[in-house]
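J.: Note that the protein sequences, when read in sequence, are chains Z and D. Take the first sequence: its position 209, counting from 1, is numbered 209 in the numbering used here, and each next residue is one higher. Take the second sequence: its position 211, counting from 1, is numbered 551 in the numbering used here, and each next residue is one higher.
Just so you know, the hints here were simulated from the structure itself, not pulled from any lab data. We put the CB at the ideal spot given by N, CA and C, even for glycine. Treat the hints with caution; some may be incorrect.
Incomplete in silico selection of chain Z near chain D, CB under 10 angstroms [as the list claims (entries may be wrong)]:
| no. | residue |
| --- | --- |
| 1 | Lys115 |
| 2 | Asp162 |
| 3 | Glu177 |
PhoX-like, lysine-lysine: derived pairs with alpha carbons at most 20 angstroms apart [as the list claims (entries may be wrong)]:
| no. | chain 1 | residue 1 | chain 2 | residue 2 |
| --- | --- | --- | --- | --- |
| 4 | Z | Lys141 | D | Lys522 |
| 5 | D | Lys594 | Z | Lys115 |
| 6 | Z | Lys115 | D | Lys500 |
| 7 | D | Lys500 | D | Lys399 |
| 8 | D | Lys399 | Z | Lys141 |
| 9 | Z | Lys263 | Z | Lys299 |
| 10 | Z | Lys31 | Z | Lys79 |
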Amino acid sequence: MSKLTKLAAGAAVAALFAANTSTAGTLDDVKAAGHVKCGISTGVPGFAFTDDGGAWQGFDPAVCKAVAAAIFGDTSKVKYTTTTGKTRFTALASGEVDMLARNTTWTFSRDTDLKLDFVGVNYYDGQGFMIPSELGVESAKDLDGASVCIQTGTTTELNLADFFRTNGISYEAVPIETNDEARTNYVAGRCDVYTTDASGLAATRSSLEDPAAHVLMPEIISKEPLGPLVRHGDSEWADIVRWTLNAMITAEELGVNSGNVDKMATGTDNPEINRLLGSEGDLGAMIGLDKAWAWRAIKMVGNYGEVFEQYIGADTPIGLDRGLNALWTQGGILYSPPFR
Amino acid sequence: MSQTTDIQGPPRQSFSIGKIWTDKRTRGLVIQLLATIAICAVVLYLANNVVENFQKLGKPFGFSFLQQESNYDINQTLIEYSSRSTHARAAVVGILNTLLVAVCGIILASILGFILGVLRLSPNWLVNKLAYCYIEFVRNVPVLVHILLVHGILVHSLPKPKQAIDVADSFFLTNRGFFVPKPIAEPLFWAVIAAFVIGLIYAFWYRRSARIKQAATGEQSPVFWVMLGSIIGLPVLVYILTGMPLAWEIPELKGFNFKGGMALKPEFMSLWIALSLYTAAFIAEIVRAGIEAVNKGQTEAALALGLPRRRTLNLVIIPQALRVIIPPLNSQYLNITKNSSLAIAIGYMDIVATIGGITLNQTGREMECMLIVLGLYLFFSLTISSIMNWYNKRLALVER
């Protein structure tokens with residue numbers, strides 16, 4: 001049985017048997033369990049990968065870690081569950097995970113019809129195409145007749161169909177479950193082109209034998225705001241994840257980082273920093289946590305900029321520019337509501 | 341039964357609670373009643389839970405999503421389909437793909453299985469042991485591994501389209517698929533089809549009358565050659581006489597891929613080959629068991645009566661072996677159909693990949709989609725089962 005069938009069947013069985021467990025109270029469940037159940041991808045270089053010790057690292061798991069730090073003060077209190085493009089929503093809806101932090105695009109129907117809640121955006125992305133440079137193709141519009149590897153169950157699958165249809169060109173879709181399988185098929189030449197979010201392409205290209213032999217097409221054919229999400233119906237839990245992410249973004253804006261957060265926490269001249277780090281007011285109590293929640297998240301995981309540079313920034317093999325993901329004060333569109 | 345009671349009358353006994361348990365018949369009834377109630381209660385509880393959980397999630401239950409546009413493309417379609425088609429149509433495409441691989445798999449697995457089963461009984465030591473090794477190797481490795489292995493071999497070892505292996509400039513073997521010329525019927529082609537149908541009817545009429553003649557006079561007719569001539573010879577003759585009214589669309593390398601012709605995609609090929617090879621190993625053992633189940637005395641008796649070897653096989657051994665073979669063969673056919681759902685592992689777009697995969701994922705209707713997939717597999721399996729049961733009944737020993 002495939003992973004999907006298993007999960008879907010699991011969800012169906014879960015729906016059959018799940019007695020009246022309240023959907024509200026995820027925070028209580030998390031505290032009782034002693035860990036956050038976090039759904040991540042099966043692996044995208046920089047975004048989610050296992051380190052030498054077998055622990056999950058990366059730009060997306062960092063969000064899970066920040067939430068665990070805010071709740072427990074311990075980044076290791078996360079139970080990771082890998083999900084594919086197809087299994088992720090079922091995993092979240094059935095309660096197998098408490099939150100998803102894996103390059104997932106915020107769309108209308110997912111937010112409403114799938115009964116999920118996106119709590120923010122941690123990476124503004126768009127769909128691109130990667131192709132071996134030896135094929136000499138310069139624009140995605142020249143891809144008539146090409147075989148395209150695509151991760152099934154994603155928004156990219158729908159964008160792809162739209163793009164080729166509106167441009168009146170044909171293609172052969174080669175549906176693939178995970179990024180690794182897509183890479184294997186692309187390398188074997190089963191498909192000419194690999195399409196996914198531009199960040200994922202850059203990450204995948206960095207892991208190829210000769211990254212320079214592959215080019216990204218200039219076209220970005222969609223908006224892909226990627227962010228963490230939770231189940232619909234538990235606003236308290238959504239608030240915790242949302243504001244943990246916002247705390248990381250605000251911390252960068254206010255110049256708070258993992259190095260100076262201890263000093264800042266003793267009190268500064270900036271009241272917003274004081275409110276964020278808990279030396280003034282009690283914002284933590286409003287989301288069911290203590291005063292030092294954001295301090296712990298920033299201390300143990302870092303602010304948004306630190307996390308970006310550590311895993312996917314210009315100095316890493318992935319080498320992504322901040323681009324749209326720079327703070328609004330620095331030409332990007334990253335903008336957190338105020339801590340007040 | 342009722343007569344006996346009428347004549348003798350039931351022994352009149354006063355009703356008592358204890359009797360319910362001590363009387364064998366009432367006890368049976370009570371146990372059956374309780375079991376039925378328990379099963380109904382569990383089913384009701386489960387159904388109720390589904391309804392409650394759906395309400396709590398605020399998810400409506402319904403199949404109207406099937407009428408929405410699917411918005412995704414499918415690479416192998418036996419009917420007209422585009423991303424503008426509905427989810428329902430995508431489901432039909434998936435159903436046809438599942439049926440295609442299941443039917444092709446059943447045919448190839450049966451042929452391979454029968455050959456292997458016979459080889460397994462060969463008195464030649466080498467042939468016998470080779471068949472034995474093949475069977476033991478293949479059936480002891482999970483079918484998913486076979487599928488991934490064959491897919492890996494096809495995709496990694498075959499050349500890309502530009503270096504395609506070219507057979508007679510019309511067949512091309514690449515890791516994007518096996519491209520073959522596509523027949524395109526011209527107007528006169530109906531004559532060939534008509535000739536085929538007439539030949540088929542004549543062949544069966546001839547066979548029947550030959551049998552009647554043999555039963556009456558004992559005279560044998562050349563049934564095989566007449567049937568061959570009328571089923572194959574006649575259409576070929578008409579085809580040549582009408583000036584070969586069949587055009588062939590030759591696949592051509594254009595840009596990235598071959599265009600035109602027919603393509604067997606590596607996903608289909610690997611699923612088909614892997615399922616067939618795997619199931620053939622099981623069928624081989626079933627065939628061997630069936631043939632060995634026929635008492636040796638039967639063969640000896642037939643030979644003693646002067647029947648030639650071929651007729652002994654056709655008239656004595658195979659009909660009896662089939663009775664043993666058909667029931668387990670049925671479950672192997674069901675296995676092929678159900679195992680085809682592993683298609684998802686290599687991206688073959690069957691029911692599980694379309695309605696139970698992409699549609700499920702894009703619309704978020706897990707329960708509905710899974711119910712549809714469940715119902716479809718149940719339907720396919722029961723259909724195959726009933727065909728095989730009908731065939732089994734036809735072959736069953738008629739006791740006189």
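J.: Among the hints numbered above, which are violated by the structure, and what are their numbers in rising order?
T.: 4, 5, 6, 7, 8
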